[in-house]
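Participant: Two chains, two frames, a set of hints: combine them into the complex.
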Amino acid sequence: MEKKMINGARILLESLYRLGIRDIFGYPGGTVIPIYDEIYKFEGINHYFSRHEQGAAHEADGYARASGKVGVCLATSGPGATNLVTGIMTAHMDSTPMIAITGQVVSSLLGKDAFQESDIVGITVPITKMNYLIQDIRELPRVIKEAYFIASTGRPGPVLIDIPKDIQTHTITMDEFETIFEEAIDLEGYDPNYHGHPVQIKKARKLIAEAKRPIILAGAGVLKSKASGELLELAEKAQIPVASTLLGLGGFPSSHPLSLGMIGMHGTVSANYATDEADLIIATGMRFDDRITGDTSKFCRGAKVIHIDIDPAEIGKNKCIDVPIVGDLKNVLKELNEKVDKKNHSQWIDKINAWKEEFPRVYVRKGSDRLMPQEVLIKLNSIVKGDAIVTTDVGQHQMWTAQFMDFENPDSIITSGGSGTMGFGLPSSIGAQIAKRDKKVIAIVGDGGFQMTYQELMLLRQYDLPIKIVLLNNSYLGMVRQWQELFNEKRYSFVDLDYNPDFNKIADAYGIKNAIIKTKEELETQLEDLINFDGPVLINAIVEKEANVYPMIPAGADVSKMVGIRGVL
Amino acid sequence: MTKTHEILIIAKNTNGIVVRIMSLFNRRGYFVKKMTAGITNKPGYARLTLSVEGEDEILDQIQKQVYKIVDVVKVKIFPDAGVIRREMMLIKIKADNETRSQIVQIADIYRGKVLDIAPGSLTIELTGDVEKLRGFVEMMEKYGILEIAKTGILAMSRGEKL
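In order, the protein sequences belong to chains B and X.
If you use the working numbering, the first sequence corresponds to residues 929 to 1497, in order.
If you use the working numbering, the second sequence corresponds to residues 3 to 164, in order.
Extracted from the complex, chain X is given alone in its bound form (with noise of 0.2 Å):
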């Protein structure tokens, strides 16, 4: 069955580490639809969270791939339950003084943030799963969504595990 697993990959922060990674990716056919990378607690490795679509099948073959790449230390898939996933959300929205009320309040249902606001727009910072990032998008599209932008999916294990 198709669906988006996250796989986190630590590895040596070295040159080119992010296009070792990436190449892989590609040229085995796996398709990467979001991507976060960056520092972690201890200094001189890169985290990297990869949202890969694909058969159940393939990720065996993903994590032995990419545990091939020299630079990297570890390779987990993470399973279904157990896992905090966040991603952060920009959006800007189409607002006047008619609807700039009413996109304030929806936002604060969602615990969103309003960042700026201009004669014409609103801009709001979201955090969450997908699905609640997917709702407030839905939720605004009624009042012209300007631009979005979204970090990619951050994830950890709950409790203590690693």
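One chain only, chain B, in its complex shape (with noise of 0.2 Å):
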């Protein structure tokens, strides 16, 4: 009897699915036809075709976000590749759980400038959190099982497989293929520590009970291993504020009279006040990014610092630690609740709400009648009521997004923080709606990085995704213009996009419904019907071309120089 073979392309698509992955973002080319060819075939994995490399890894991080499994992306050799760089780099920067799947020109083509080659493995070695070159297709099984393991434990991050074509038609029986898959991976160099150590539990308990000015920085780490229950336990119990990072948001209810929204450089003046005054900090799943700290020297100068962070390397990167706790946040926060003091901080609490109260998340209009972007954003507020996946792009209209919007669940924003990557907006929203197909996804973005990868608008009506969204248009590059106002005597240089395409007419040819927004009339009239209708739709708010983000913090520096706390210089 003939026996049952099985080439390595199957193998790939056999082992991602009994790893439970049912969906994957890709594009054709000359070294992944085989593996498209079994796509063809294959039954259970669903794939999505983008419309640009870079889209389908932001799709696959998107989708990673909102779903808190892997995301995958697929791309040919060379082009292909280095297109996806942009979206592992993202990955990478805000430790979403990520394979990457690319060909190779045929084993002997490599290193031989063959059509089509490029070094992926070695142009992503300072973006993956591992990547492997296959050589010989009995490797695969493994590496795949490797791959996911290692982007999905510890801290997650994105892993990339290069596979040469010729190794993607190979066979080997299926037999050899059981074997192979049946073997314990082994990696002697990987083992994240899960449970804090008690000691240094204990140490925490410690400070926590003698603090008169406690503050917890809550980052993604919150939601990456599903803490947000512990948190707010911690937080009442010992009646501790709690301000997040960008990406921690979520993490902690908006709506909590214990929470005091985004710290850093464009947070709360509250959060950042109580930051300054606090005299102990418990740093959860965050990294103490500079956009955080500002001038590290000065941040939290009078404070104890906790830090809790499954990686080890994060402790005392950026900021000198007194208790650095290396573990799982969800587990640490578990033990620490366990047998922290019920504590009472009104005199503390009293005064940040004093703060609060005086400084409250503000705008002032500019002096023309035009729509300001804050109030688009408030009225969107009032739509969606936290309830939606809210997905940004880079720039002002993601400040005023993470300060004007209201986040009460985990995963409800979706934006790329680490590494600020323009066009991560509408591609991110595309994987969240694959992800979670009962949810409002609402992409905000801006006129500059929607340009970026507008081309994936296809796909709302290839797979009928009902996006929402929302483009703040001021025909500006905005952020670099605010910049340039505040920092180089108002020389616009090459940030004004008064060039801009038809946005309508794009949505137009794309075969979506769009709509223009620029009084506020409009606004009020019109929002909520586009934000509720059944299928996707763009919004197209022509906001005040000059709208700055305030408060402020200029790089660098520390809260002493912090400006615009009213909402304006």
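Rather than coming from a laboratory, the hints here were simulated on the basis of the structure.
Note that the structure is predicted; figures quoted are calculated from it, not measured.
Hints are supplied without guarantee of correctness; some may be wrong.
Stated by the list, open to error - Chain B is faced by these chain X residues, among others (derived, beta-carbon under 10 Å):
no., residue
1, SER25
2, GLU55
3, GLU59
4, ASP62
5, GLN65
6, LYS78
7, ILE79
Unchecked claim - Here are the simulated DMTMM-like cross-link-like pairs (lysine to aspartate or glutamate), alpha carbons at most 25 Å apart as the crow flies:
no., chain 1, residue 1, chain 2, residue 2
8, X, LYS78, B, ASP1250
9, X, LYS66, B, ASP1218
10, X, LYS134, X, ASP82
11, B, LYS1245, X, GLU59
12, B, LYS1073, X, ASP73
13, X, LYS78, B, ASP1239
14, B, LYS1364, B, GLU1336
15, B, LYS1245, X, GLU57
16, X, LYS115, X, ASP82
17, X, LYS70, B, GLU1116
18, X, LYS66, B, ASP1430
19, B, LYS1433, B, GLU1417
20, B, LYS1247, X, ASP58
21, X, LYS66, B, ASP1114
22, B, LYS1165, B, ASP1047
Ideal placement from N, C-alpha and C gives every residue a C-beta, glycine not left out.
Facilitator: Shown next as structure tokens:
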């Protein structure tokens, strides 16, 4: 009897399927034709056809962030692979679990500058948690299992697998595949620590018991370890106010009385003042990024710092720590909560509440009667009431979204924090909607970033994705313009987007319902219907050109240099 | 204080492991002065000794960052004391009938080994710690050094300790 054979391409799909992968985002090309031939025949994995590989990577990223599952993207060799690079870097900076699969030229041509050859493994060494060039079909099952394991455990991150075309067509027997697939993975040098050291946890409890002015800084780790319940318990039990990083938003409900909103460069006055005056910082799953700390030597200078993170290399990287705890945040908080003392920091909380009252989130209308971008978001917020997944691009609209929208639930905002990747908003919303078909997904984008990836609009039609795109259109690269206004005496160098395409015609071209909103009245009468429309919509909101994001702590400065605390300079 | 430290890295000897490690040092701004790499008694593993210049405070960071590389199994920073450090050097010196015997005599004192004699030069092999090699090079300067090749530092703890 003839033995049943399986080729490399099929091994890839079969292994991914067995690991639970059901959706992948990709773009065909010469060196992945064998994989696409198997995708054509394989049942159980949906392939979404991106229109650019960068889109595929961000879609996989958005999918992963919305669902907590591993996102998978697929591209051909050479330019296909390098087009993934921005998306892989974005996932790396924000610790998204992702597997990127690239085709490679046939093994015999490797290193010979063959057509569409690029050393994608070399290129992605600094931006992946691990990467592999497959040299033998028998490595494939193990590598795919390893990649999945590495991407999704410890501090998550992207893993790339580069598969030469000949290996995709090589075959082994099904029996051999089964045997190899069953082998346990052995990663001697990789052993994430999930449980915090009891001595450290005890020390942390002591600091919490002694603190008079504690504050929790909640980062993306809260979401990644699904620790929002434990965080809430700690905050309420010990009466500790919570400020979130940009990526930590949603980890603690915005509407909670102990919530201070976002901290950092464009954070709330109360969050930044409270951090400055605190005597104890409990940093949970965050990494003291420069957009949070400004001048690290002056950041929370009077406070002791407890730092809980799963990545030991984050401890002490940017800020000296008094009590480091390496472990999974959910586990550590659970153990902390078990014996944490009930506290009542009423004086401290009163002081913070006074700041909140004195410095609410405000914006000041410019001289013109144009719509202010903030009022569009305030209206949007009143419509969705925290019950949506919001994705953003990068720039002013991103900061206004973080400031003026409420995030009541985990994974309700998906935004490129560490890498600040323009063009992230639309494709990540596509991934999020595919992961969460029953959720309302809103992409808030600017007119600059939107133009970087709007070819992905086609997927909204192709896959019936009822995404609402809110385009805050100020015909400027607004954030750069703001910096040029504040730090370069208004020398607006190449930020003017007066030459913009007609975004509504673009939506028309992709068969997507669209509208222009440019007056307060249109906002009041039309936005709700558009947001609740059963299908994709592009809302082109023409807003004030020179609105600024305030408050602002200039880069590298400390909280005393914060400007615009009343919404205007 | 800035000084040179030797870092021991044991890693699975996978494709590109050295690139992975060196790329990390580069992008984090840690200057690698010397590096040795080779196999160990355990098949499938590579042993690297890196001499890195930097502030004391960054050492802890380096150690943790290197350990994040999946194929890295062990990272250790050698303390100043209790460690054997050796480097090998091949040095080619100008030599004529007048100077040749002087150079050989000095090399003997340093326990160097003459590997090659030519009408105008001598090539000597020398093993030792950094100071010893430096001392010999200084002694040879007046004769005229034509070429030097060094291996970088190998290090190992004294006693049974790994």
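Participant: Hints first: check each against the structure and report whether it holds.
Facilitator: We went through each hint and held it up to the structure:
{"no.": "1", "hint": "SER25", "result": "holds (5 Å)"}
{"no.": "2", "hint": "GLU55", "result": "violated (20 Å)"}
{"no.": "3", "hint": "GLU59", "result": "holds (9 Å)"}
{"no.": "4", "hint": "ASP62", "result": "holds (7 Å)"}
{"no.": "5", "hint": "GLN65", "result": "holds (9 Å)"}
{"no.": "6", "hint": "LYS78", "result": "violated (13 Å)"}
{"no.": "7", "hint": "ILE79", "result": "violated (15 Å)"}
{"no.": "8", "hint": "X:LYS78 / B:ASP1250", "result": "holds (24 Å)"}
{"no.": "9", "hint": "X:LYS66 / B:ASP1218", "result": "holds (20 Å)"}
{"no.": "10", "hint": "X:LYS134 / X:ASP82", "result": "holds (17 Å)"}
{"no.": "11", "hint": "B:LYS1245 / X:GLU59", "result": "holds (10 Å)"}
{"no.": "12", "hint": "B:LYS1073 / X:ASP73", "result": "holds (16 Å)"}
{"no.": "13", "hint": "X:LYS78 / B:ASP1239", "result": "holds (18 Å)"}
{"no.": "14", "hint": "B:LYS1364 / B:GLU1336", "result": "holds (17 Å)"}
{"no.": "15", "hint": "B:LYS1245 / X:GLU57", "result": "holds (14 Å)"}
{"no.": "16", "hint": "X:LYS115 / X:ASP82", "result": "violated (29 Å)"}
{"no.": "17", "hint": "X:LYS70 / B:GLU1116", "result": "holds (12 Å)"}
{"no.": "18", "hint": "X:LYS66 / B:ASP1430", "result": "violated (51 Å)"}
{"no.": "19", "hint": "B:LYS1433 / B:GLU1417", "result": "violated (36 Å)"}
{"no.": "20", "hint": "B:LYS1247 / X:ASP58", "result": "holds (16 Å)"}
{"no.": "21", "hint": "X:LYS66 / B:ASP1114", "result": "holds (21 Å)"}
{"no.": "22", "hint": "B:LYS1165 / B:ASP1047", "result": "violated (53 Å)"}
The structure is inconsistent with the numbered hints 2, 6, 7, 16, 18, 19 and 22, although it conforms to all the rest.
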